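Asks: Chain by chain, the residues run as shown.
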Amino acid sequence: MQQRKTMRSGDQPWVKWSLITLAIITTMLMLVIPLVLIFDMALSAGAGTYWDNLTNRYTQHAIGLTLLVAALTVPINLVFGIFLAWLVTRFEFPGRKALITLIDIPFAVSPVVAGLLYLLLYGSNGWLGGWLMERDVQLMFSWPGIVMVTVFVTCPFVARELIPLMQQQGREEEEAGVVLGATGWQLFRRITLPNIQWALLYGVVLTNARAVGEFGAVSVVSGNIRGETNTLSLHVELLYQDYNVVGAFASASLLAGIALLTIVVKSFVEWRQARQRAPLDDLSDSR
Amino acid sequence: MNRSLSGLLPGRSSQPGKRVLPGFALSLGISLFFISVVLILPVTGLIAHTAGMGWEQYWAVITDERVVASYKVTLWTAAVASVINALVGLLLAWVLVRYEFPGKRIMDALVDLPFALPTAVAGITLAALFAQDGWYGQFFDLLGLKISFTPLGIIVAMSFTSLPFVVRTVQPVLEDQAPEDEEAAVSLGASDWTVFRRILFPAIWPALMTGIGLSFTRSLGEFGAVIFIAGNMPYVSEITSLMIFVRLQEFDHAAASAIASVVLMASLVLLLGINLWQARYLRRLHGR
Numbered sequence: 001m002q003q004r005k006t007m008r009s010g011d012q013p014w015v016k017w018s019l020i021t022l023a024i025i026t027t028m029l030m031l032v033i034p035l036v037l038i039f040d041m042a043l044s045a046g047a048g049t050y051w052d053n054l055t056n057r058y059t060q061h062a063i064g065l066t067l068l069v070a071a072l073t074v075p076i077n078l079v080f081g082i083f084l085a086w087l088v089t090r091f092e093f094p095g096r097k098a099l100i101t102l103i104d105i106p107f108a109v110s111p112v113v114a115g116l117l118y119l120l121l122y123g124s125n126g127w128l129g130g131w132l133m134e135r136d137v138q139l140m141f142s143w144p145g146i147v148m149v150t151v152f153v154t155c156p157f158v159a160r161e162l163i164p165l166m167q168q169q170g171r172e173e174e175e176a177g178v179v180l181g182a183t184g185w186q187l188f189r190r191i192t193l194p195n196i197q198w199a200l201l202y203g204v205v206l207t208n209a210r211a212v213g214e215f216g217a218v219s220v221v222s223g224n225i226r227g228e229t230n231t232l233s234l235h236v237e238l239l240y241q242d243y244n245v246v247g248a249f250a251s252a253s254l255l256a257g258i259a260l261l262t263i264v265v266k267s268f269v270e271w272r273q274a275r276q277r278a279p280l281d282d283l284s285d286s287r
Numbered sequence: 001m002n003r004s005l006s007g008l009l010p011g012r013s014s015q016p017g018k019r020v021l022p023g024f025a026l027s028l029g030i031s032l033f034f035i036s037v038v039l040i041l042p043v044t045g046l047i048a049h050t051a052g053m054g055w056e057q058y059w060a061v062i063t064d065e066r067v068v069a070s071y072k073v074t075l076w077t078a079a080v081a082s083v084i085n086a087l088v089g090l091l092l093a094w095v096l097v098r099y100e101f102p103g104k105r106i107m108d109a110l111v112d113l114p115f116a117l118p119t120a121v122a123g124i125t126l127a128a129l130f131a132q133d134g135w136y137g138q139f140f141d142l143l144g145l146k147i148s149f150t151p152l153g154i155i156v157a158m159s160f161t162s163l164p165f166v167v168r169t170v171q172p173v174l175e176d177q178a179p180e181d182e183e184a185a186v187s188l189g190a191s192d193w194t195v196f197r198r199i200l201f202p203a204i205w206p207a208l209m210t211g212i213g214l215s216f217t218r219s220l221g222e223f224g225a226v227i228f229i230a231g232n233m234p235y236v237s238e239i240t241s242l243m244i245f246v247r248l249q250e251f252d253h254a255a256a257s258a259i260a261s262v263v264l265m266a267s268l269v270l271l272l273g274i275n276l277w278q279a280r281y282l283r284r285l286h287g288r
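Residue numbers (our numbering), protein chains in the order written: chain A, 1 to 287; chain B, 1 to 288.
Quick caveat, the hints were computed from the structure, so don't treat them as lab data. In this text the structure is predicted, and so the values were computed from the model without any measurement. Be a bit skeptical, because a hint or two may be false.
Stated by the list, open to error - Straight-line distance between alpha carbons at most 35 angstroms, and here's what the computed DSBU-like set of lysine-lysine pairs gives:
no. : chain 1 : residue 1 : chain 2 : residue 2
1   : A       : K266      : B       : K104
2   : A       : K97       : B       : K72
3   : B       : K104      : A       : K16
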């Protein structure tokens, strides 16, 4: 009547606990302490200075511009991401795989190169830039340029979150809807959206986090004009180079707050998805 | 439920050419328009720009001594950072999948921090930590080791920003690993190391390689986090992304785009390689 105790590799207590300890130390050193340092530095000159740093005119402008960039970038990439995911998961057509690879380009390209691509095209001596210049439209070194490169840099996020999920869910439910006479919009509202809402939320949060924090690409096309084309990330750099380290960390703490919010939402979304999947897993186990 | 429904449908969904669902033309149109305008047009712009340079000038720019030094620095630091990430990533993935302990969910969530934290913030934070009088820097100073303003700082920044890749690629594979093989091996007296080498490693190494590849690609292009800590000394701690930036600030657009074309080609080749690698590995996984 001896109970079978299954041992897997690494289950011996000393192995287990030394690996866990090592992992906790690593996480502390690489992730937790850096995070603590940001807030410690931001508050190092007292709460009053922290508040002054955040309500400073240039900081306020940088916050406003950053919010504007995110507010324009996120909806654009949301719409694109949904259409692309629908296209590649619901239809078979030649070039489908190539499309999925193409969408990864912004992940692989250095942000500085991304910024340069746009500068070359739309800058005053670029192909389209010259033509636009004659019509008094200046995109580079002003906020539209910042939005454009941010759209480039963040365009894979929503699609990347949706594609695996929609692939896995299959198209049967929507096809049933068509047979029952649903219109395209009804299909999306009633069937697709409820199925993908959490992944969509996470895609949006990731897009937002990157849009708010993009640095390399934006610094190429912004021209860093204080109080005009300075986003929060650029503002952090500018203050840091002015040896206003406390001010730089005050702005950085806002960005770190958004980052923390992002990982909280991610954990929540994963928890929801695990709960949604759980009944299905039970079914497949009993088969 | 899903399967039984599909059997009722008039046109079988797997049949190509029969499109039951609406929106093909619309989604194809929007996707192609967006990809052309946002991705392909700027890339062709760069190609056109460099094509106008002439081969000799192009070659002179991309093989300039200082630029070549920046390739070397970027490549070797990215390689070291990827190896560090492979080890740390494997440890974290293993601990997160195999063990239960207090704070596990927080650790799991924190792994994504480097992706969520803006790179400029990561840059100034690491620079402050590893400065000579910083929280970490003072200990390295006792050892006589300088991290800030040296290539070691670049490695630190790259390892931080690409830390999640290996964890997130290895984690799902470890989760799917069936326990039977391992149990059999352990009950037959195999040591942990033998089980790891003979059973676990063969199962996870394709995912591990994907993670290392992604981490390496990201590190090659990393800019924001690196420039704050690297000191950016020409020939010593200047990365290629910064080289492009420097040329731009000298208003030498031709040189900037030539160097950028090298970086772009390298990252596209890596991206394609990783995709092909994954396709091959996934095919094997599904026995097709």
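Asks: Let me make sure I understand: some of the numbered hints might not hold for this structure. Which ones are they, in numerical order?
Replies: none
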